[in-house]
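Chains A and B, in that order, are what the protein sequence lines are.
Using full-length UniProt numbering, the first residue of the first sequence is number 1, and each one after it goes up by one.
Using full-length UniProt numbering, the first residue of the second sequence is number 1, and each one after it goes up by one.
The reader is advised that the hints may include incorrect statements.
Claimed, not checked - Below, a list of computed lysine-lysine pairs in the PhoX-like style, where the Cα atoms sit at most 25 angstroms apart: (1) A:Lys95 / A:Lys118; (2) A:Lys75 / B:Lys141; (3) A:Lys131 / A:Lys105; (4) A:Lys131 / B:Lys141; (5) A:Lys131 / B:Lys137; (6) A:Lys105 / A:Lys75; (7) A:Lys252 / A:Lys236; (8) B:Lys18 / A:Lys95; (9) A:Lys95 / A:Lys52; (10) B:Lys6 / A:Lys110; (11) B:Lys6 / B:Lys18; (12) B:Lys89 / B:Lys6; (13) B:Lys141 / A:Lys95; (14) B:Lys137 / A:Lys105; (15) A:Lys75 / B:Lys137; (16) A:Lys252 / A:Lys216; (17) A:Lys236 / A:Lys216; (18) B:Lys141 / A:Lys127; (19) A:Lys223 / A:Lys304; (20) B:Lys6 / B:Lys179; (21) A:Lys223 / A:Lys350; (22) B:Lys141 / A:Lys110; (23) A:Lys127 / B:Lys137; (24) A:Lys123 / A:Lys172; (25) A:Lys52 / A:Lys15; (26) A:Lys131 / A:Lys236; (27) A:Lys105 / B:Lys141.
Treat the hints as calculated values from the structure; they're not laboratory data.
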Amino acid sequence: MMIHVDIEKDFQSFKLMSKFVGDDDRIGILGASGCGKSMTLKAIAGIITPDKGRILVNDQVYFDSEKNINVPTQKRNIGYLFQNYALFPTMTVEKNIAAGLGGRKPEEIKERVAIMIKKFALKGLEKRYPKELSGGQQQRVALARIMAYEPEVLMLDEPFSALDSFLKDNLKMEMKHLLDEYEGGMIMVSHSRDEIYEFTNQLLLMDQGCMVELGKTRDLFAKPYRMETARLTGCKNISAITKLDENHVYAKEWGITLETVDKVHNDITHVGIRSHHINRSEKEQINSFLFEILEQSETPFEYKYIVKKSGSNHCHMWWQVPKNKENIVTRQQGGYLHIQPEDVMLLSSK
Amino acid sequence: MLEILKELDYSPLLISLKTGIAATIVSFFVGIWLAGRVVRMSERKKAVADGILTLPMVLPPTVAGFFLLLLFSRRRTIGIFLFDTFDLKIVQTWLGCVIAATVIALPLMYRNARATFEQVDSNLIFAARTLGMSERKIFWKVILPTAAPGVASGTILTFARAIGEYGATSMLAGNIAGKTGTISQKIAMVIQDGNYQLAGIWVAIIIVISFGIVVSINLVTGRRMKNVTRW
């Protein structure tokens, strides 16, 4: 799929300036809520109209303010999975699935609906109304309805946010299998890093209505370049730096000197360290510092600490460790924290 | 008492019911159509259009009667035109009853329909568009069924208002016994004669009808509408 978006729209509260060129069949848009990611998706689908700009999908012009082109949603051939699924409440499952099949022969509609019912495991639910279905079933009906329509591009708008967390993992797996069979392009919007990482190959990061960075999903998570990218991909520790030499920086906010694997170019202004990449050690070694614990909390499978360099007034860092009996640390215990040089991410705020 | 009921001239009841049904049918379609149009208007246009359509509800019915007389009097252009071309008389006829009741009751239908159309989850409409459904199909297959509870209650109110219409009806259609004499006009007339017993009978009749219809429609729609989530 080739997608070219360059649009502007002024909302009262913020300005959307989406600009990117995607060329993968599995594109993700990640950003905090209110960053304009859903609006971008809605503009591509034609649900909202940008003030100006251009939208091209697979060489078809959907929108071009200069040439006065605005293809109606009906003709864009886009399947849009809404956050709340938007199933028609007065139609049964069957009728919902058939909703996009108008203008076809009755036998053809019947056959297509039957195929979808089978494929999406909806047997026995044909006569039910959306209200009588579970969240997961509703999602399958919504997907079946979209797939029956055979869209060229599939758009998933926060597809799992309306589901209970204990159902989510199973449904994600199901969705993955269903998407594997789908040959068209897919764009997924989410605020969940996990979902984006699982489902997409190309990633667009958005912040306050603008694009931050575009790249391969895995690369952006492993080696973000922009500071916002690091933050959006979940990096909790970011500090401004002073460059010492090609492979050493001084992290001003934490008061520690760090060795890096990558060369520190002149455009680098910050470093980022993921809280999982911090390890404890008894002895001093490369990139280590004496620490003290300021706060601690625990989740079912993880300890979380807020730490700082011992005896200093520097800013704190987040440190997360998987739970096992040995690694619980209390405030009284001393020791060092260290970071592998390859885990120091060099970032630019420009 | 029974004897009075036996000897009663039931024409006001028939005229009121016929007027109510006719005015409700007209208001139902016109009201829904207007609501569908107004919902899609820009804010400014909407404000003006809504103001005009709501006026008959907030003004005294006699004001509506005044304008209707101005329009349909056989001494004026439209009245003359209707009579000459279609042989239609509005003033002092049953048709006048229907027109007066429709004008007064239509805002109830329109406003109820509009309010529920606006409450329809806009994602349903967007979803329908992405599925290639035409705007017309979306209106009839998605918006209207989803808004059915509001449309139904609008219909009930329209009917209740139409059978009770007095002010505009008395001005446009007059109170001709057996022709345009509705229940409400009958009540006013017999009270002027000091016949409180007869007035009371008609009052009882109209209460029973209105209450009965409202309750029965409530029950029917209440059961039908279970697929639309309400709080």
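- Query: Looking at the structure, which of the earlier hints fail to hold?
  - Reply: Numbers 3, 8, 9, 10, 12, 16, 26 - these are the hints that the structure violates, sorted from lowest upward.
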